[in-house]
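> Sequence:
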Amino acid sequence: MGSCLPKLVLPMEWSIYTTPVERSQDQFDNLEKHTQWGIDILEKYIKFVKERTEIEISYAKQLRNLSKKYQPKKNSKEEEEYKYTSCKAFISTLNEMNDYAGQHEVISENMTSHITVELTRYVQELKQERKSHFHDGRKAQQHIETCWKQLESSKRRFERDCKEADRAQQYFEKMDADINVTKADVEKARQQAQLRHQMAEDSKADYSSTLQKFNHEQHEHYYTHIPSIFQKIQEMEEKRIVRIGESMKTYAEVDRQVIPIIGKCLDGIAKAAESIDQKNDSQLVIEAYKSGFEPPGDIEFEDYTQPMKRTISETSLSNSKGDSKTELKFASKSKGKLWPFIKKNKSPKQQKEPLSHRFNEFMTSKPKIHCFRSLKRGLSLKLGAGPEDFSHLPPEQRRKKLQQKVDELNKEIQKETDQRDAITKMKDVYIKNPQMGDPGSLDHKLIEVGQNIEKLRLEVQKFEAWLTEVEGRLPVRGDQARRQSGMYEAQTTPSVNNCAQDRESPDGSYTEEQSQENELKMMATDFDDEFDDEEPLPTIGTCKALYTFEGQNEGTISIAEGEILYVIEEDKGDGWTRIRRNEDEEGYVPTSYVEVYLDKNAKGAMTYI
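Just add 21 to the spot in the sequence shown (first one is 1) and you have the working numbering.
FYI, nobody ran anything at the bench for these hints, they're computed from the structure.
Nothing false has been slipped in among the hints.
Using C-beta positions, here's what the derived DEER-type ranges look like: (1) Asp439 to Ile282: 37 to 45 Å; (2) Asp428 to Lys89: 25 to 33 Å; (3) Tyr325 to Ile297: 51 to 59 Å; (4) Glu146 to Phe69: 19 to 27 Å; (5) Asp464 to Ile307: 50 to 58 Å; (6) Pro317 to Asp439: 46 to 54 Å; (7) Lys148 to Tyr91: 46 to 54 Å; (8) Ala294 to Gln145: 49 to 57 Å.
Derived pair list, reagent style SDA-like, types lysine to any residue, alpha-carbon separation capped at 25 Å: (9) Lys466 to Val481; (10) Lys311 to Lys565; (11) Lys71 to Ala81; (12) Lys311 to Asn301.
Since we're looking at a predicted model, the values are computed, not measured.
Backbone N, C-alpha and C define an ideal beta-carbon position, used for all residues, glycine too.
Using the sequences and the hints, build the whole thing.
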């Protein structure tokens, strides 16, 4: 008998592997590494988009803070300055930048919702799908590996049985050829050989069956199961590639969607820049600072060919009071004192002297404070407390302030009127439906609102009267105004007790009683001799009245247009200049109402117009 063991020949392409299962396992390992790399790429892209959205949010926040930083504050002086077209254009630019920032927030929101969130969810699904596919692959590998082990076991058993059958056959032939062996031993050997041969045949049949089964399983594994799993993994990987491509396209589309709106924001900035009108801004400046004054007239020629002599005027205090002893006495008596009383006028008004004589007179005189109320008036003006009628302002500015005040009061009246109407309607409802409330409970409120309306109307009438007065003065004055100015200069009656002319305080709310006035006159008489030693402040220049000013408040002095007066205290930045008409008439006038010519030689004087 020859050997009955068939030879198993492996395919050439598998020759480098111990088993076919190892070849399949190697491919699964490569695919597992590649698919994991694909997931890592996807997560890296998600991280990139997330950081981009954070940058967009930060940029939008910085733009909004920048826009808010340069917005004008409400109810501030800065807000009033934004009436000019250039400033309005700047405000429009800030608003457009705020909208521009909003578009970057839209980019961040869309990228987060359409890319980051979607891809994050997809990555989780992809990981689950990948895990499922490789689990199926490992299961198929384990099955084919089990089949391979069964085949190997059947093969080795068949091989062993064949070898045992060959040895039993050889032993039988040897025993049969040996004449010395008994027939029983030969028969025994023959039976043993047949048994072994039968076992080999059974192993062969089992091996053949196992081999057929393995080949079938192997065919199913490599041609059905594994290709199916590989196909699913391939589809999964291609789907991942497509998905990341779609996300990149969405990334671009998100930016492209806001480009038209960003373009509109930039167009708005350009349109705001084109709306700037330099002529309009210049006109606003003119309207804001227009004073309403007429241009000054020609300056008269003053002849200085004759030498100026320091003559002593008849009204000079140094002439009437005399010597240096009296001056020392005055200095000792007046030292450390305030000047609360009015200086009494004891001399008639002198005829108007030449300018040079008047100038010499005031150059040689000593400083004198007119009265305590004048000093108080000057201090109040320097502290910035203007009168209620805005008389300290130039005519045009005063008209605007008065008109603004009238408008504000009218708004308050309208507000109170609306409130009264609402209360009246409520009262009618209460009358018709007593269960809703007591109508009498609203009477005191109606009375209160009515009183407020009446007060506001009185205020409106007062400011409208001042406004009418100012508007009547604004047109160009003719001969009548000149005659009025000439009559004002020709007055010979001196101003007695300038501080007592008007008993109103700057806000118009203070009026003294007649008894107080009489008491003040008596006290002024008692102290008159002491204050006769006062000497006026030295003049530091001259001024010409550009406009008639009615000095109705304490500390001020009336002037007529074209009148020449003396400056004894220049404007300290509060808008008021202290002037003198004669020895007994001095006070403050608005600096904008006069044209000042300061003496360059005067101490502390500044030359300006």
